[in-house]
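With the hints as your guide, set chain B onto chain A.
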Amino acid sequence: MSYIKGLFCKECGREYPAEPLNVCDFCFGPLEVTYDYDAISKVISREKIAHGPHTLWRYHDLLPADVDNAVDINAGFTPLIKAKNLAKSLGLDELYIKNDSVNPSFSFKDRVVAIASTKALEFGFDTLACASTGNLAGSVAAHAARAGMRAFVFIPSDLERGKILGAAVYGSNLIAVDGSYDDVNRLCSELSDNYNWAFVNINMRPYYAEGSKTLGFEVAEQLGWKAPDNCIVPGASGSLFTKIWKGLNEFSSIGLIDSVSTRMFLGQAQGCSPIVTAFDGNDFAIRPVKPNTIAKSLAIGNPADGYYALKVLEETKGSAYAVPEEDVVQGIKDLAEMEGIFTEPAGGVVVATLKHLAKTGQIKPGETTVAFITGNGYKTQEVIEDVARPILIKPTFAAFEEAVSVRP
Amino acid sequence: MPKRRTRFTFPTGLITQPVIFDLGRTFQLITNIRRADVREDMGWVILELEGEEDEIQRGLDWVTSLGVRVDPVDGDVVEH
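Going down the list, the sequences are from chains A and B.
Going by this note's numbering, the letters in the first sequence line up with residues 1 to 408, in that order.
Going by this note's numbering, the letters in the second sequence line up with residues 409 to 488, in that order.
Read the hints as simulated data drawn from the structure, not as lab findings.
Among these hints, one or two may not hold up.
To give an idea of the interface, some chain B residues facing chain A are shown, with a C-beta separation under 10 Å as derived from the structure [unchecked claim]:
(1) R412
(2) R442
(3) D445
(4) M450
(5) W452
(6) I454
(7) L468
(8) R477
(9) P480
(10) G483
Quick caveat, the model's predicted, so the values are computed rather than measured.
Backbone N, C-alpha and C define an ideal beta-carbon position, used for all residues, glycine too.
Looking at chain B on its own, in the form it has when it is part of the complex:
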């Protein structure tokens, strides 16, 4: 099953929302958190998603639509 390593950055308004729980419940995805730092005003979580490619993409699109920033764990790789 395909896996995707990714980093979510949560804005203040989503800190208390169970976004990752909902992601796993709404889509056919296994969420596996490896590191995180959650504060009052922002938070980030580094996690692995496991599922079919299309389902991973649908899940990430949904998370993004909520206002979560989604990045590769490598940071920005487009250099100038």
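Only chain A is shown next, with the shape it has when bound in the complex:
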């Protein structure tokens, strides 16, 4: 069973029943899930969680969908790896990589879509939909396949073919819209008003977003039931950032971990950094931008949760950093060469932010720091094509020795 109580508006506080809604009718503010924490406190324990499945559903008491009917492709409970080599290079001691690039469809989106698709079935929807150019599309299509639902994925018509294979392979309906990203945005908002479909990040958004909390839960559990001192998170809509913070605080509020004093750090690429710009300007008003960045998975020019991410930055005394575009690829290479993890540009942003924070003394050697790697590099190989330069030789011993100058 789920302990969800309903929804409330994050702006005006009005309450709503748990229905497929995402915006307050009164002030058009975003809606958030509320739970019966008293009831949860009575049934949840470290032992119960530890004996749960090795997926995000081990935290089902704190999720808004019913585990008994879960759409489960084994999302979550990904490795937390102690990054000794990267730590050494930065003068840190306790550095961990939360490697969410090894989810079933190779990104953290499996967490949010697992919840959205399960809730969509509960509501009686037969169609799962999204607008995406990559990670979200693949995850929606995979979950729809598992659930026996139809999937509609909307993409800009000029998207490279390689980007859509990850959704097409699961048998989804791909709709290529002859227009800009803004046109696709507007069309999908209109469609969600007029079709009885579960748009995972529109009418299902309050439930969908809750899936990201499980990253906070897992990190706390994997660290031995404690919150880290520092979290470094990539920023797109800002939702992931706020939900990791929410997850840590929920664990604390129901007594699973001690009080949380984690500092939250957010990284964006310079070519799309509206949250960092507002943070640097000591302002809570997000100015939308036209994205122009190598980090496509973070290219949200008008971040729905940007304001709330800024509030978390303020509350935790964290900071935000805009990574120069040329440093993103170096971040990818650093993580691959030092820790054997191949990430997409969003992970390069995180590693570059980590380096900046260590260099400027914002994170310190004795502190426990977790860097969140949210997507897999095999999906975005084009950004690092320059590393693939094999040495061509004739098939002789002499040619090999001459080419690589190897001497015993």
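Here is chain B on its own, set in the frame of chain A:
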């Protein structure tokens, strides 16, 4: 009558202009403001437009042509 929930973001040069008043006067649209934050250098307004679909679109195209950024209230929904 169709309704559209939308967010206008105003650049500095349009802060003092009566854009929403003109929108309602020039087009057959009812404008209904729900939240707003207007400062010296920028401003945003979340509002609902009510009117025929074609008229809503014409109104939004006109507002956009002035330099106002128009977004759905949900923020960007194209994720990557």
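Closest C-beta approach of D445 (chain B) to chain A relative to 10 Å, hint status: Hint holds; D445 (chain B) Cβ to chain A Cβ min 6 Å, cut 10 Å.
When the least beta-carbon distance from R477 (chain B) to chain A is tested against 10 Å, hint result: 6 Å, holds
Would the hint on P480 (chain B) stand, with a C-beta cut-off of 10 Å toward chain A? 4 Å, holds
Hint status (Cβ of R412 (chain B) to nearest Cβ of chain A, threshold 10 Å): 8 Å, holds
Hint check, R442 (chain B) versus chain A [nearest Cβ-Cβ separation less than 10 Å]: 5 Å, holds
Hinted contact G483 (chain B) with chain A - closest CB pair below 10 Å: 3 Å, holds
Report holds or violated for the interface hint on L468 (chain B), using the least CB-CB distance to chain A and a cut-off of 10 Å. Status holds, d = 9 Å.
Grab the minimum C-beta distance from M450 (chain B) to chain A and call the hint holds if it beats 10 Å, violated otherwise. 6 Å, holds
So, W452 (chain B) near chain A? Judge it on the closest CB pair being under 10 Å. At about 7 Å, which falls below the 10 Å cut-off, the nearest Cβ of chain A leaves the hint on W452 (chain B) intact, so it holds.
Under 10 Å is the threshold here; is the Cβ of I454 (chain B) close enough to any Cβ of chain A for the hint to stand? Interface hint status for I454 (chain B): holds (5 Å vs cutoff 10 Å).
The structure agrees with every numbered hint stated previously.
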